[in-house]
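Those protein sequences? They're chains R and E, same order as listed.
According to our numbering, the first sequence is numbered sequentially starting from 1.
According to our numbering, the second sequence is numbered sequentially starting from 1.
Rather than coming from a laboratory, the hints here were simulated on the basis of the structure.
Some hints here could point you the wrong way.
Here are the simulated DSBU-like cross-link-like pairs (lysine-lysine), alpha carbons at most 35 Å apart as the crow flies [to be verified]:
#1 Lys3/R - Lys321/E
#2 Lys236/R - Lys118/R
#3 Lys321/E - Lys221/R
#4 Lys173/E - Lys221/R
#5 Lys223/R - Lys173/E
#6 Lys590/E - Lys80/R
#7 Lys223/R - Lys75/E
#8 Lys3/R - Lys461/E
Partial list, derived from the structure: chain R residues whose beta carbon lies under 7 Å from chain E [stated by the list, open to error]:
#9 Pro96
#10 Gly192
#11 Pro196
#12 Val197
#13 Asp233
Yeah, the Cβ is synthetic: ideal placement off N, Cα and C, and Gly gets one too.
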Amino acid sequence: MGKFWGVLFLTVPVLGVGLFAWAPFANHWLPEDVSSHGHEIDHLFYFILGLTGVVFVIPEMALFWFIWRYDGATNTSPVKFTHGSHNLEIVWTILPAATLLFIAIYQMNAWTDIKMNKPDMAYTVEVTARQFEWRLRYPGPDGALGTQDDLYHVNELHVPVDEMVLVKLDSADVLHDFFLPHMRIKQDAVPGTSIPVWFKPKKIGEHDLVCAELCGWGHYKMKGRIIIESREDYDKWLAGLQQRQNTTSDAPAADETAGNE
Amino acid sequence: MSTLVAGSHAHDDAHPGGHAQPGFFGTYVFSLDHKVIGIQFLFSTLLWLVVGGLLALGVRWQLAWPWTEMPIIGKMLFAGEGGQISPEFYTMLVTCTPSVMIFFVIIPILAGAFGNFLIPLMVGADDMAFPTLNMLSYWFMWPAFILMICSFFVEGGAAAAGWTGYPTLTAVKTASPGSMNGQTLWLFALIFVGISSMMGSVNYMTTIIQMRAPGMTMFRLPMTIWAMFITAVLQAFALPVLTAALFMQVLDRLIGTSFFVPEGLIVNGVSAGAGGGQPLLWQHLFWFYSHPAVYIMILPAMGMVSDILTTFARKPLFGYKPMVYSISGIAGLGFIVWGHHMFMSGMNPALGTTFMVSTMMIALPSAIKVFNWLGTLWGGKLQFTTPMLFAMSFVSMFIIGGLSGIFMAATPVDIFIHDTYFIVAHFHYVLFAGTAMGVFGGIYYWFPKMFGRMMNDSVGKVHFFLTFIFLNGTFYPMHILGVGGFPRRYADPYHWETFTHLQPMNQFMTICAISMGLSQILLFANMGYSLFFGPLAGRNPWNANSLEWMAPSPPGHGNFDAQPIVYRGPYEYNTPGRDTDFYPQWEPPKPGEQPPPDHH
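Use the sequences and the hints to build the structure in full.
As structure tokens, this is what we get:
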């Protein structure tokens, strides 16, 4: 039976690698990257995938071979009586340690770029998550948030292409998560804390804005869209928004006008 | 140290008939005997495994065919919604499945069932250091069991904010139906589980330190006992923090404190109270316990697997001391990596870098363990018994679970895969494909000692084969879903443009999950049948070395019929110059034989 069990354990690396090889061609893979920083994340992902792939296959193949070769029913050579090897322990401590340390250092810059080097600019938009929608607040003509001429919108996050976007992320009630899969952006929205999020879209298009932190029974339908458009279309849309809101009410209260189109 | 054993209990010269007969209740219900308590834990946790498994299948059903009627049981469970799972109920499922599996199955089956049964037997003691405390640790689970069941029937239903219980969804009663009352019952259930674990861990530490048989030095302990010891230490240090956090959330909910609720919050039109708190505080406290708890959920299985592998490889454990040091290393590092659950939480990103480095480093002791397990198999004479197959699959699956962790540890990659199915794949490979397979192996391995009868090996192998195939069919594609960004805890992901094409893969996984659930019938049938009709096991059916195999099967009250004296480590298989391929710890050396050198 040793050969049978060996083959069973061999299916783990074979199918394991096979599924990862098949998935990109079947479109079960990373969504298209439309951000300026996403390639850093994707590169790290592929780098770690390759590295762990090798480190996955080698011990799994060893396991297969030991099961195949050292079946007690057929193995006639004497047992290799040993309590271990000091030298081997040192080798397989230092090699993984060095590799892990290398991965740790290798990725630090990407993290710093994406999460720590906040651009020095005014907020593009304030996003306030609440059960179960995304409230958006754009600065009006004065360019500042929190003033009388602010513009309100819900669930449709319009941003200009090829420009840095700085989002002020808030939550009105519980934890949410501002997840833009195509933009490689994820950040929890925490009630009581404003968190800056920035990204630079590089391609015009429309994508999902996903809530990725359990926020109640309606979590699965907290659906937004990000609409990346040219500067002209964006300005046109902002102007249209301003025109609509200034004709509906003199002093719009956020909670009442937000949902109106 | 070992001389303390003799004085600590009056009934050392073990005469099973010599104790006062405690009657039916004293023997089987409120028993002080560690073996009975262990078996009580085993049966209770297996029962909850079934409950948790059914809850999990509810989740899988919804992910495969959302908003459709479940066959057969749909009408019974959800008559009000036309046999469908409602979104409210789905969030209860994704909360109660892990809560049950973690707090009612994995932790108590490892520490409560195997820890209780094995520690005194494997260290050569007649019972635990504190038998009454031990009994209480089992009975304190029952309030938790009852609270969890009741929570499904209170107004609003069971807790529905995830097993992590993040405020403010949990702290504010208007935030979700499950936060009305269910969350309070959930909190108290966890508090009781914590008290139970704490009583157990004090007992295990004391027993392992104080009650080892003469000659049983720390470095002659089997890996199972080392793992149980380190696990008990982890519990003792981490649990107080969780208990404090749970009480803080209880206070937030019941008397209006605001540890976790910021100022001016209005949830569903109702003010959430005074405020001034911080939701992230809960996450720090929770993960300060729950990350070490990840190791509480895997280390004992690693120990059991080490013992099973050596027994059936007929070879000494490769690198005993490195194995001990890596368990200790995992435990130590385990306390400084909790922040990796919070990379996206809004915690200062600079702190993320610190936790990333410590998290990378904790992969090292795990790697060392895998290499040593492989070294143990190398050049042996493997016996493919059912427990051996489960133990080898633990190694194979743990490699996957370990490596997928590196993706999440890499902070930039975590930006994309955090809270997707990639993490779901990762922890199921560690906790189901790892721990649960180790536990199944442990059941097949120690069942003869627990009940005196063998389980059927052929049925066991079929059970292994099916479980192995279907678990990979269920959990491996989760990696691919995660790479696609598929989010966790979604009742219906398919109305999103980004995820709609992933439904067929989910249907495949659900079919595998249902088949895996059905395969477990073989385990329970095998256990039930063997309990009464299995062939008698004898004392040492596997020709193993550690002390539990010296005692009768099942061991009587007081465990051993003679004081065990330990002469060597537990892994002396195929020692040159012997006519048998094993050399039990209790067998005196032949006159003139050199004691084995101290190995590294």
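Does the CB of Pro196/R sit less than 7 Å away from some CB of chain E?
-> With a closest approach of 10 Å, the Pro196/R hint is violated.
Double-check Gly192/R for me: the hint is only fine if its C-beta lies closer than 7 Å to a C-beta in chain E.
-> Since the shortest Cβ distance to chain E is 2 Å, the answer is holds.
Hey, Lys223/R versus Lys75/E, does the alpha-carbon distance stay inside 35 Å?
-> holds, 30 Å
Given Asp233/R as an interface hint, is the shortest Cβ-Cβ distance to chain E below 7 Å?
-> This hint is violated: Asp233/R lies away from chain E, its Cβ roughly 21 Å from the closest one there, beyond 7 Å.
Given the hinted pair Lys223/R and Lys173/E, is their alpha-carbon gap at most 35 Å?
-> holds, 24 Å
Measure nothing beyond the straight line between the CA atoms of Lys321/E and Lys221/R; if it is 35 Å or shorter, mark the hint as holding.
-> violated, 52 Å
Holds or violated: Pro96/R as interface residue toward chain E, Cβ cutoff 7 Å?
-> It holds, given that the least Cβ distance between Pro96/R and chain E is near 4 Å, below 7 Å.
Does Lys3/R pair with Lys461/E here, judged by a C-alpha cut-off of 35 Å?
-> holds, 15 Å
Between Lys236/R and Lys118/R, does the CA-CA distance stay at or below 35 Å?
-> holds, 28 Å
Interface hint status, Val197/R versus chain E (Cβ within 7 Å) = Since the shortest Cβ distance to chain E is 10 Å, the answer is violated.
Under the criterion that the straight-line Cα-Cα distance not exceed 35 Å, is the pair Lys173/E, Lys221/R satisfied?
-> holds, 21 Å
Starting from Lys3/R, check that the Cα of Lys321/E is at most 35 Å away, please.
-> Status holds; Cα separation ~32 Å.
Hints 3, 11, 12 and 13 from the list above are not met by this structure, while the remaining hints are.
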